[in-house]
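Trainee: Below, each chain spelled out in residue letters.
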Amino acid sequence: MLAAGQIVFVAALAAVVAGAFVALVRIVCAADKRLLLAETRGMLCDAPDGRGISVLCSGVAGVEEVRRLLDEGYPRYEAVVVLDSVRRPEAFAAVLAEFHLIDVNYDPADDLPAEGVRGLYRSRKRCYRRLVVVDKAFTSCRADFDAAVGVAIYDYVLPLRPGIRMMPFCIGRLAIELSLEPAGAVELVRSPVGEPLLLVAREAAVAAGGFGPDLVRSIPRSRRRTLYEPFLRAAKPSVRRPVLRRGAALLLAACIAATAAAGWWEVCAVLLTLAVVAAAAEYARTCAPEERTARAASRKSV
Amino acid sequence: MTRIVMLYCAFAACVVVLLSGAVVVRRLVDGRRHRRDALLSRQYLHIVILSLMSETDTVPHFPRLESAGARMVLAETLARLVSSTYGLDLGPLRRIFRDAGLQPFLLRCARRTRGCRRARYLSLLSRLPADAAVAAAVERYGSDRHRAVRFYALMVRLAADPSMALQLIGAYPDPLSAFELSEIVSMLRRGVLPVAYEPLIESPNRNLRSLGIAIVRQFGIEEAEENLLRIASEDTTGELGREALYALCALRRPMARREVVRRMGLMSRAERRALLRCMALEGYSETAFGSPVGDEETPYFESFVLSYKRCLVC
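Protein chains in written order, with my numbering: chain A, 59 to 360; chain B, 138 to 451.
No lab work stands behind these hints, which were simulated from the structure alone. Mixed in with the good hints, there may be bad ones.
Said to hold, decoys possible - Distance condition first, Cα-Cα at most 20 Å in a straight line; then the derived DMTMM-like pairs of lysine to aspartate or glutamate:
id : chain 1 : residue 1 : chain 2 : residue 2
1  : A       : Lys183    : A       : Glu130
2  : B       : Lys446    : B       : Glu419
3  : A       : Lys294    : A       : Asp168
4  : B       : Lys446    : A       : Glu130
5  : A       : Lys183    : A       : Asp168
6  : A       : Lys294    : A       : Glu253
7  : B       : Lys446    : A       : Asp165
8  : A       : Lys183    : A       : Glu253
9  : B       : Lys446    : A       : Asp168
10 : A       : Lys183    : A       : Glu156
11 : B       : Lys446    : B       : Glu423
12 : A       : Lys183    : B       : Glu419
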């Protein structure tokens, strides 16, 4: 390889390593901030500025999952669950019975047109007042979320895909993050750590025409915030994932040793860069206490 | 030129070894520390509660206090106890706090760290029964680069000398966010800050006015309705006017007043709709405000109000 080419090659790999370290520093700083905010109680009891979060759920598995959604302490919070009573009549009937739901007037706001909505349900019991169920023919998760936005009452919406759960302190932490800035200053909060999170201002989602591919692009950069903490996780984390990770690490180490022994230094450099990124990701994983709790919980459930 | 690549490989290999070692050490240390801290925390809480219930002045003995991290566990346990209770007798806690040397320990930790870690130590200090000398020790953090450090330095000074609350909050350089207001109000709810709402809500200072509105809303002081209407009409575009409207909504006061209507007319469409949704949530009826904000918003408001009802007769 030409000298200039090698220098560019090494510089590119060094940039990847630098990027991994920048991400690692951000994750460590975010863990410190989360630890600080986890001990505050004022915001979680009060919601002083009225900002609330509506969680939009498409395709819940059943009653237990709905109960888990309602297990949130933040006062300004609601769960909007979209279910198809024709496709899943048993689950629908079970949720209706368990939470004492009755059908209420459904006259959607002119925000987002929603097709296939058969009805809207709320609970007669005050303890379940934060649950809203939309009976809608399922076409896609995006259509479910768009229908849910029409009945969501709070200023921020958090779509949850099937098989995704909120981690403890998710809503509280997001509410605190929103309350750190003036009203209207933040329209999008996302986190690439764990399962990807996308919390959107309701009006921004409506202005973008729903949860389409242009949603993020339509929001000005100055109104986007990126957090480096885990908020969501898979409902059934794979038990084999740690084993696969260890296997991949051993395979990578063997490949690095083999390429170094064979004198293929360019390939060795690429593999070592991958190893740096993987090691940084593993270190970042140790910084997230909820990850540890979730892993312990999944080990117990297995 | 292969040497450049070989040097890079050597560098990357060292980084991988260091990071992997750090992961292993952290997992081992964190696991053991987490278990030990959980056990110590339960023990210390038990000892503190027994001390509060006994009527003697002797300071209880805390096992393993000299071990690494144990003082931090004790500080966190005391802070959590104080945050979750009201009307605690601070005498025994103050004796424990002094005897365990927690004040110099936390100040030392704050000095050696930065950013959110420093803010956390100050946050703990603000909830613990520190003496008045701590206010002077944290004054230098009032000009820290990190906003959380500046705010929790203020909280420490408020806790150390509540009589200076109005002056300290008035002199705070940043506009208080909703989160910061809620922290101050929670201190007030614990009985630490003896402030009344009238001097706050009439103050020309923005932070004090914000705090006054938060107190009115938190404690449901309906007598402050005229003050809120005045703020809504005077602050036509800023945050205070908006907060006053939300406070009126939380108090479930009539929203068809001239001042409310005028202020809502100056809001953006998104802000107005957010307020309308809040009104629907608080239980206002469709006739809450006639048609002050234009006929286009009335159907929007009605759609949310009606979604809480069910037609029994078609």
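Trainee: Going straight from one Cα to the other, do A/Lys183 and A/Glu253 come out at no more than 20 Å?
Mentor: Violated. A/Lys183 to A/Glu253 sits at ~33 Å, over the 20 Å cutoff.
Trainee: Quick one, are B/Lys446 and B/Glu423 close enough, alpha carbons at most 20 Å?
Mentor: Between B/Lys446 and B/Glu423 the Cα gap is close to 12 Å, so the pair holds against 20 Å.
Trainee: Take a quick look at whether B/Lys446 and A/Asp168 sit within 20 Å of each other, Cα to Cα.
Mentor: Distance of about 19 Å is within 20 Å: holds.
Trainee: Is the Cα-Cα distance between A/Lys183 and A/Glu130 20 Å or less?
Mentor: With a Cα-Cα distance of about 17 Å, the restraint between A/Lys183 and A/Glu130 holds, given a limit of 20 Å.
Trainee: Checking one constraint from the list: CA of A/Lys294 to CA of A/Glu253, max 20 Å. Satisfied?
Mentor: OK: A/Lys294 and A/Glu253 at ~12 Å, within 20 Å.
Trainee: For B/Lys446 and B/Glu419, compute the direct alpha-carbon distance and say whether it is at most 20 Å.
Mentor: holds, 14 Å
Trainee: Taking only the CA atoms, is the gap from A/Lys183 to A/Glu156 under or equal to 20 Å?
Mentor: holds, 11 Å
Trainee: Can the restraint linking A/Lys183 and B/Glu419 be considered satisfied, given a maximum Cα separation of 20 Å?
Mentor: Satisfied, since the Cα-Cα distance of roughly 17 Å is no more than 20 Å.
Trainee: Does the alpha-carbon distance linking B/Lys446 and A/Asp165 stay inside the 20 Å limit?
Mentor: holds, 11 Å
Trainee: Are the Cα atoms of B/Lys446 and A/Glu130 separated by 20 Å or less?
Mentor: This hinted pair is violated, its Cα atoms lying about 25 Å apart.
Trainee: Hey, A/Lys294 versus A/Asp168, does the alpha-carbon distance stay inside 20 Å?
Mentor: violated, 37 Å
Trainee: A/Lys183 and A/Asp168 were given as a pair; does the straight-line alpha-carbon distance stay at or below 20 Å?
Mentor: violated, 29 Å
The structure fails hints 3, 4, 5, 8 (numbered hints given earlier, in ascending order).
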